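Visitor: Under full-length UniProt numbering, think of the first position of the sequence shown as 1, with each following residue one higher.
Hints are computed from structural coordinates only; laboratory data are not their basis. Just so we're clear, the structure is a prediction, and the values are computed from it rather than from any experiment. Do not rely on the hints blindly, as some may be mistaken.
[Stated by the list, open to error] Using C-beta positions, here's what the derived DEER-type ranges look like:
| hint | residue 1 | residue 2 | range |
| --- | --- | --- | --- |
| 1 | N71 | Q13 | 18 to 24 Å |
| 2 | N71 | R47 | 15 to 21 Å |
| 3 | R2 | V38 | 21 to 27 Å |
| 4 | A8 | W63 | 26 to 32 Å |
| 5 | W63 | D83 | 28 to 34 Å |
| 6 | D43 | R2 | 26 to 32 Å |
| 7 | A32 | A8 | 17 to 23 Å |
| 8 | R45 | N71 | 29 to 35 Å |
| 9 | G50 | D75 | 28 to 34 Å |
| 10 | D36 | D83 | 32 to 38 Å |
| 11 | R29 | G50 | 15 to 21 Å |
| 12 | Q11 | N71 | 29 to 35 Å |
Where is the CB? At the ideal position from N, CA and C, for every residue including glycine.
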Amino acid sequence: LRWSEPLADEQPQLPAGCARSGGQAVLCRTGALAVDGVGERIDLRVRLEGAPSEVVVDLDTVWSGGALDRNRLNDRQRVLVLDTGDEYHF
1 LRWSEPLADE QPQLPAGCAR SGGQAVLCRT GALAVDGVGE RIDLRVRLEG APSEVVVDLD
61 TVWSGGALDR NRLNDRQRVL VLDTGDEYHF
């Protein structure tokens with residue numbers, strides 16, 4: 001996950017399998033995913049520097065271990081996140 005604004009230095013504890021990567025990204029391991037299956041839920045809270053009224057979050061899928069996805073069009077998503085006070089689920 002990569003945010004268009006920098007992450008604050010102080011962050012809530014990240015879930016197991018997740019690590020901060022640079023100033024604007026968090027990487028999370030999902031493990032093996034079953035064909036046509038639903039992955040496990042990862043609850044993630046982050047704080048951003050300042051108080052932006054909106055940010056863009058890019059979600060990228062990284063394949064490893066010889067895994068292949070025939071539909072590479074769904075490996076990237078971009079979400080506009082508005083500061084409404086609501087939780088986002090995706």
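Visitor: Now look at each hint and say whether the structure bears it out.
Guide: Evaluation of the provided hints:
no.: 1; hint: N71 <-> Q13: 18 to 24 Å; result: violated, 34 Å
no.: 2; hint: N71 <-> R47: 15 to 21 Å; result: violated, 34 Å
no.: 3; hint: R2 <-> V38: 21 to 27 Å; result: holds, 23 Å
no.: 4; hint: A8 <-> W63: 26 to 32 Å; result: holds, 30 Å
no.: 5; hint: W63 <-> D83: 28 to 34 Å; result: holds, 33 Å
no.: 6; hint: D43 <-> R2: 26 to 32 Å; result: violated, 18 Å
no.: 7; hint: A32 <-> A8: 17 to 23 Å; result: violated, 33 Å
no.: 8; hint: R45 <-> N71: 29 to 35 Å; result: holds, 30 Å
no.: 9; hint: G50 <-> D75: 28 to 34 Å; result: holds, 30 Å
no.: 10; hint: D36 <-> D83: 32 to 38 Å; result: holds, 35 Å
no.: 11; hint: R29 <-> G50: 15 to 21 Å; result: violated, 29 Å
no.: 12; hint: Q11 <-> N71: 29 to 35 Å; result: holds, 33 Å
Hints 1, 2, 6, 7, 11 from the earlier list are contradicted by this structure; the remaining hints agree with it.
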